[in-house]
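Residue numbers (numbering that gives the first Met the number 0), protein chains in the order written: chain A, 0 to 261; chain B, 0 to 269; chain C, 0 to 337.
Just so you know, not all the hints are guaranteed correct.
[Claimed, not checked] Some, not all, of what chain B presents toward chain C, calculated at C-beta under 8 Å: (1) Pro-124; (2) Ile-126; (3) Ala-127; (4) Met-128; (5) Pro-130; (6) Leu-131; (7) Arg-202; (8) Asn-233; (9) Met-235; (10) Val-246; (11) Ser-248.
[Stated by the list, open to error] Computed Cβ-Cβ distance ranges for the label pairs, DEER-style: (12) B:Pro-52 x C:Asn-311: 56 to 62 Å; (13) B:Leu-266 x A:Glu-169: 52 to 58 Å; (14) B:Leu-260 x A:Leu-173: 39 to 45 Å; (15) B:Ala-261 x C:Asp-74: 37 to 43 Å; (16) C:Pro-158 x B:Leu-108: 44 to 50 Å; (17) B:Leu-112 x C:Ala-122: 53 to 59 Å.
Keep in mind that the hints were calculated from the coordinates and are not lab data.
Glycine included, every Cβ here is placed at the ideal spot set by N, Cα and C.
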Amino acid sequence: MQLLFEEVGHAFDGLRVLEGISLSVAAGETLAILGPSGCGKSTLLAIAGGLLRPARGRVRLAGTPPAGCLNPLTYVFQDFALLPWRTVAGNVALALEATLDRRARRERVAEVLRRTGLSDFAAAYPRQLSGGMKQRVGIARALAVRPAVLLMDEPLSALDAQTRELLLEEFLTLWREARTTTLYVTHNLDEALRIADRICVLSRRPGRIRGLLEVPLPVAERTAPENAARIGELRAELWRMIAEEVRAADRELASAREPVDG
Amino acid sequence: MAEPAHRADEPVREVPFRGGGFAPRRLRHLAPPFFLLLLLLWEGASRAGLVSPLALPPPSSILTALSDLAASGDLRRHLEASLYRLVAGWILGTSAGLLLGLLIGISSLGRTLGIPLVAALFPIPKIAMLPLFILWFGIGEPSKLATIALGAFFPTVINAYAGIDNVPRSLVRMGQSFGLSHRAIVFEILLPGALPGILAGARISSSIALVLLVAAEMIGAQYGIGALVLQAGNLMRTDQLMAGVVVLSLLGLTISALIGLAERRLLAWR
Amino acid sequence: MRNPFRATVVALFLAAWPLLPVQAQKITIAALTFVSSSPLFIAQDKGYYAEEGLEVEFSFFRAAQPVAVAIASGDADFGVTAFTAGFYNLAGQGALKVIGAQSREEPGFDFSGYLVSNQAYAAGFTSPEKFPGRSLGMTQYGSSFHLMIGMLADELGFPLSEVKLVPLQSVPNMIAAVKSGQVDSIILPAHIVKALEAKGNGRIVGWVHQYTPYQLGGLFTSTRNVTERREVVEKFVRAYQRAATEYHEAFNRLDADGRRVFGEKAEALLPIIQKYTKAKPQSIYNGAPYIDPLGRLDVGSVYAQIAWFKENGLVDEKVDPAEILDLSFIEGHFNIPE
């Protein structure tokens, strides 16, 4: 499905965080949202999924959901948001309990656990899992509802660099199979360059669209050594767009906090 | 061993150890002999005439009083009456407390009205309310249940809503993002998340219920461990009084063990 | 005498010997501020203790039990309270001796009365014979109220199990319970039941002295005083008897028709009793119990009480009335068993 942002703006207690966001995430496309801390990336994602009512503008969803879709707009969270008192299988089943009967649920859970390599951990509790495994459960839970649009909120930023690399590989494999429309919020340039078809750079607060960058290489070929130079150029271009914003935001943040509290 | 070498002309000394301590552990098998020793000392002091048997009856006469009570069937009658009051009063107070705690935890109106109400009423000594309960509910079982229920109510309210407040909001957002109903968010996310707090509250409320049992059985109770203790005190039967206290203590330990069991069962995920 | 100076000193000293101030002996009396304790107060305010060379300090309590405990523990020397199972159990441990009488349920002198709630009275509970099937509020099992209903049951020949006994811990609770009809009846002293009846809060259906006259309470001291300070106990008893006689003459008079009369003597003692009890004159007249002028005990009654308490499992079998009583300080006790 296609996700359309139309002149979306938002403010918290008079502090403007987003302004004039008009953006279209095409069906099957992975769009990365990149921006400095506090630029409203997560706010935009919350608005996209209907968890936050925007002060201005609207978000619309076009097209028909895929077969068997139970929850068109589905999140993967930075902090995993797993219920600690449920097992891996229980967490994945949570979103299916209202819609599927026991048998269908069990089949669906077993299937996604197999796809995400979690079958052996079905009976484990979250506290027994590493961060990477927890996020695999987060992914499995999202895939279980057959989403039309995946809303990913810095899904790898709570993990260490090596685990991040490992999960990124797995994501890409899963995506190639499903081709689900994805909005991927991150502050990591390399992550964005690895997975996104397009990268939308937001300015510092209030977040506006600073620029859109297309990544012309197929996802599978981006780590190939012969493309290293090309990726390097794109990275430099991205950094040009974002560096100044990051620098300004870095200086602004400390002083901007006071009026927020006052 | 080539590595540990130093210049011959330099002074050398060992690194002094300065860590350790401040980490008390439970030494196993020490507690039972310690208690046995205490009991023996107590018995000895009593037999030697150092302590008047009226002021502090020796363990042996407490045991005798206890077995006399058990043999006459009085102990069973007392226990049955007290257990009924404890269980019924506690369930009553805890369910009402959970309901209000939940309201405070999820509704703005509940929070706005509930918190000041609890803050105002919690510190009231429940024992002071007993004469009022007797006017309202009579001298029969209802006033006794009300006293125990009220004692269990407040800690439950406070622990329930504190427990709900401690459930990360991100879990609620997660539930909403997966299209869970309000009902499912309450029963699958908020209540299980608040369960550690609720069980901690149950520990407190059950102890309070036990304390209030004695107060509740002051009025119009023919049977009950609290009534037994009071009556023994009035009759200057200190051996029976201590026997009753021992039963109360065992009751407390049993309740604590049951809650511990519930915690291990229900909170295995921790 | 070669040394006139030394002789003079010796002579002076011998002459002054009887005039040297005798060191007063200090005693502590544990007391309740009830009219039944009046002789204790009269003896103090009229100086009878002082005349015996006793310096008295009062220690006031709010319940009978602590009075007995204070004597047993040695915190006080003398006390008077009503007899209860707790008292007998405590005395049975050997620390207490009953040496004389406090008040008595004596025919002609209304003291403890059976008060019936209005509801129960309307439903036919009009005399003590109707106790079976009704409830009675009392302080505790083993209290004097429990004893009174037990003796009544024996007297009238009904099983005590047919009366529903409701322990309410305190007198105010008993009053509240009978007012609201939560219990059918209570037994309390005259000044209370008369005031309740006057306000329409219940009906008096009889007096304990009409059914079961008995020795209500006693005067007691520690066993230690009896054995080690005998002369102090004797002095105290003398002062107590003087005051008891005075009280008796003032408050325990009957006219030719058997009605109680109070005269100038009572009026004269009123201020002393009021000072300690803070009670109104009418209340003192209503609630003045019969007190033997010489503090003589109805010994048979004490034996019977202990037997009744034992029968009902409230007093330890080991308690021996003969051990509790010391009848050597006062002459003429009544009903001494063989």
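Quick rundown of the hints versus the structure:
1. Pro-124: violated (16 Å)
2. Ile-126: violated (11 Å)
3. Ala-127: With Cβ-Cβ at 13 Å, over 8 Å, it is violated.
4. Met-128: Not OK, violated: B:Met-128 not within 8 Å of chain C, min 14 Å.
5. Pro-130: Hint on B:Pro-130: holds, closest Cβ of chain C at ~7 Å, below 8 Å.
6. Leu-131: violated (10 Å)
7. Arg-202: Violated, because the Cβ-Cβ distance from B:Arg-202 to chain C comes to roughly 30 Å (cut-off 8 Å).
8. Asn-233: holds (4 Å)
9. Met-235: holds (4 Å)
10. Val-246: Violated - the Cβ of B:Val-246 stays beyond 8 Å from chain C, reaching only about 18 Å at its closest.
11. Ser-248: violated (23 Å)
12. B:Pro-52 x C:Asn-311: 56 to 62 Å: violated (23 Å)
13. B:Leu-266 x A:Glu-169: 52 to 58 Å: violated (32 Å)
14. B:Leu-260 x A:Leu-173: 39 to 45 Å: Hint holds: Cβ distance 43 Å, inside 39 to 45 Å.
15. B:Ala-261 x C:Asp-74: 37 to 43 Å: violated (48 Å)
16. C:Pro-158 x B:Leu-108: 44 to 50 Å: violated (58 Å)
17. B:Leu-112 x C:Ala-122: 53 to 59 Å: violated (45 Å)
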